[in-house]
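Chemist: Sequence:
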Amino acid sequence: MAGSLPLALVYLCFFLSGASSLVYEVVWMRWLVLTLGSTTAAVSTVLFTFMVGLALGAWAFGGIADRSRSPLKLYAFLEAGIGLYALLLPWLVGGLTPVYVAIAQALEGYAFALTLVRFASGAAVLLIPTVLMGATLPVLIRFVGTHGSMGRSLGLLYGTNVAGAVLGCTAAGFVLIRHLGLSGTTTVALVANLVAAGLAFLAAGMATPGERAGEEPPPAWEPPAPSPRWLMWFIVFLSGFVTMAWEVLWTRILIFSIDSTAQAFTVILAVFLSGLALGSWIFAVLIAGKRETLPVLAGAEITAGILALLLVPWGVRAFDLMLVFLDYAGVSYASQAMGNALAAGALMLLPTVLLGIVFPMASRMLADRVATVGEKIGRAYFVNTVGSALGALAAPFVLLPWLTLKGSFFALSVLPIVAGWALLAASPLPGRRRDLAIAGSAAALGLCTILFVWLLPGPNPFDPPSRFRTGDWSVLAHEDTANASVSVIEYAMGGRSLRIDGFEAAGSDGGSLYGYMQLMSHLPILLHPDPKRVLVISVGTGSTAGAAALHPGTSVDMVDINQTVLDFTPYFATANANVAENPRAHGIVDDGRNHLLVSNEKYDVITSEPMPPTFAGIVNLYSREYYEQAKERLNEGGYLVQWLPFHLLEWHQALSILRTVQDVFPETSLWMHFYTGIIVARRDGPIEIDLPRLRRQLAASPVREGMRQIHIRTASQIVDLYGLGPEQVEDLVAGASLITDDHPTLEFETARPLAPEELQESIHLIHTRRLSEAPPLRNATPKETRLLEEHRSVATSIRVARLWSSRRQFERARSFLDAALETTTTDANRAQLLLRLALLAQEEGDDDEARRRVEESLRLRPMNDVARRLRSDLAQQAPSGAEDSRG
874 MAGSLPLALV YLCFFLSGAS SLVYEVVWMR WLVLTLGSTT AAVSTVLFTF
924 MVGLALGAWA FGGIADRSRS PLKLYAFLEA GIGLYALLLP WLVGGLTPVY
974 VAIAQALEGY AFALTLVRFA SGAAVLLIPT VLMGATLPVL IRFVGTHGSM
1024 GRSLGLLYGT NVAGAVLGCT AAGFVLIRHL GLSGTTTVAL VANLVAAGLA
1074 FLAAGMATPG ERAGEEPPPA WEPPAPSPRW LMWFIVFLSG FVTMAWEVLW
1124 TRILIFSIDS TAQAFTVILA VFLSGLALGS WIFAVLIAGK RETLPVLAGA
1174 EITAGILALL LVPWGVRAFD LMLVFLDYAG VSYASQAMGN ALAAGALMLL
1224 PTVLLGIVFP MASRMLADRV ATVGEKIGRA YFVNTVGSAL GALAAPFVLL
1274 PWLTLKGSFF ALSVLPIVAG WALLAASPLP GRRRDLAIAG SAAALGLCTI
1324 LFVWLLPGPN PFDPPSRFRT GDWSVLAHED TANASVSVIE YAMGGRSLRI
1374 DGFEAAGSDG GSLYGYMQLM SHLPILLHPD PKRVLVISVG TGSTAGAAAL
1424 HPGTSVDMVD INQTVLDFTP YFATANANVA ENPRAHGIVD DGRNHLLVSN
1474 EKYDVITSEP MPPTFAGIVN LYSREYYEQA KERLNEGGYL VQWLPFHLLE
1524 WHQALSILRT VQDVFPETSL WMHFYTGIIV ARRDGPIEID LPRLRRQLAA
1574 SPVREGMRQI HIRTASQIVD LYGLGPEQVE DLVAGASLIT DDHPTLEFET
1624 ARPLAPEELQ ESIHLIHTRR LSEAPPLRNA TPKETRLLEE HRSVATSIRV
1674 ARLWSSRRQF ERARSFLDAA LETTTTDANR AQLLLRLALL AQEEGDDDEA
1724 RRRVEESLRL RPMNDVARRL RSDLAQQAPS GAEDSRG
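My numbering numbers the first residue of the sequence shown as 874 and each following residue consecutively.
Worth flagging that the hints you see were computed from the coordinates, not collected in a lab.
If you're wondering where the values come from, they're calculated on a predicted model, not measured in any experiment.
Possibly wrong hints are sitting among the right ones.
[Stated by the list, open to error] Each computed DMTMM-like pair below joins lysine to aspartate or glutamate, with the alpha-carbon atoms no more than 25 Å apart: (1) 1504 to 1363; (2) 1504 to 1603; (3) 1504 to 1561.
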């Protein structure tokens, strides 16, 4: 039977089962966090529920498998049940949402009680399918394990299932969700379940009655060598605990180098699972036939811990390793994924392979009788999965806050080494050899500890220096939290930044570079006739919230998923108007979407500045459903503001965000601050600039001081920020795709930002279109309207000309400036245009034309310092300039 077709079909079934299970885990997690929240507490609760279901299934069905007359048919029913339940799950989550919201609103302020509610909610939805999933291993091992070597069968079966999981997570992360959405991806997984069920029925029909019951041929495996059973149960538990905790910590270390994108997380998980699968197969092929396996098991544990300690310091260089690979292979979507895999594999593949040996080896030593193999393997899987569930909780909530990321990894690496020593003490090795092995590994641990401390200095050693801006910098504050590793960096050249898992999420430079953060509050509050309540989602440095609190009478709710981000706002007090001490500003720890879902509050302004949508899980704050929730929480006439980071997105991605906002808010406008877009959308009625009111507000303190900090002093500068109105936005985004919860395409696309020339081309397109767009002024005199529109047209023409001149297309640049010069009526605007024409001529090398234009400009504005400096420069270059001209 061992080489027969039915057995091959069984392995194929379990491969498909592993693939579908990982797909379900990814998809179901995404659906549930939309209701229960995407905080680490909420996500971990759902993951814990998932694992508890797997554990209960293994425990409950182990004995059932031993008593079953046809384990293969039982397995087929399990797979079919999983697939059919997957059809119902979206409706169950939809029915759960209003119940959860009602309970969450009643329990506001009771964090622990809300955690229990999330656990109960997750269990209500996930318990049935995960119990069925957990049952599959003991049921199949009852059939497979009695047809040949028990250890070999277990190793091959478990490794094959994990290999299927590699395929499932890779397919979901790179292909399925991106092209089919969550519903389509679920359908693919469902088909895999049904195919596995069909193949299992087919295999059952091909087997003899005795084979179907797992009774023949006679058992071909010997009982394992005697070993302390309590120790084996502990090893099985510890294997799950360390494996899952290591996965959490390795992921946290690697995202400093390869960013927090869905593709990066997919690669990390795929490499991790690949190591477990390889370890299981190595056990099956090379170790399973040996009777005395305690020393081998001890060696696997000790070597895994020592290798982890040796390799983790090189995680600091993962970014450089990836850059070397990309220099060799070229930058592309595929090469970036391969570079990520190379960096992840170099850090964690070898220790993971050794971990993959431990579970099947220890489980094999617990299965001493053929008649109870299903029960024993089921209980081993139960204990291992409970360990995994606890490891997934302990790593972020216990180890990281207490020991930091560096200390947590060290502690977890020592655990398997100590377990290995316990195994050596219980092994039949001669005393001298045993003592020598323990002493040698202890010496290796001591050396690794010295290297670990030496190579990983400071509070945040995993943030690669090569990713920081050039120049000297220092860490002012750092904290490893359950959600992320957060640092405040100060640069010697000036300015501070807030870095979250290695990504510069926000900053302050004492100037206007980060001025868009303040403008995200200033713009809607200046536009709103009577703003009272403001919600700021994603706090960053606190600049947006601080700007909102500058306006008299406003109350600001600051929502961030990370308490540490709120705690670090005092480090940016200069930029955020010391918002931490403002009694009208209130910090709330939650994810923005969940706050909108469960809160009863209504707001006049909602701003959102999360991480880029290509980061894992962030697209939920860019979807149509999110904007619909925000619309429900806005008062009549309220404003929604959304950050649009052109420099971090591809052009079609930026247009998708803009189109999705306008799909919910027809009155959507686009404002521009340097290369950053600010989407301003109104719930009811058109967006208009009340010019007299705007001037009064800009003249009032402390708003005046706050605006001057970002170099905005006049109403015309505010009007100049206005880019495109609703009609032009609609025309610009025609053909762009919508972002929805079911099709979160942005998260699963390439994260390649626009190249500088592509970014300039895109911004040029926007500026060219705005030349024909009149700003929506209200209560302005005809003269004021004409002057503001003229100023806006001149400023836009200069921007477009600068973009073209930077690409050496001087004729196109000059055409925009000449056209504006013919229509402008004020000396100030003419002087500005003439100065830009002088600079353009200087770039072309025509100094005579540059001198003529700069003299014309100075006749109109004699005190223009820029023009006078240019005239001085040209005067010094006159001899060489003339010589060049004659040449």
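Chemist: Hint by hint, note whether the structure agrees.
Modeler: Hints, one by one, checked against the model:
1. Taken as a hint, the residue 1504 and residue 1363 pair is broken in the structure, with Cα atoms around 38 Å apart against an allowance of 25 Å.
2. As the CA atoms of residue 1504 and residue 1603 are separated by approximately 19 Å, the hinted pair is consistent with the 25 Å bound.
3. With a C-alpha separation of about 19 Å, the suggested pairing of residue 1504 with residue 1561 holds against the 25 Å cut-off.
Against the hints set out earlier in the document, a violation occurs for number 1 only.
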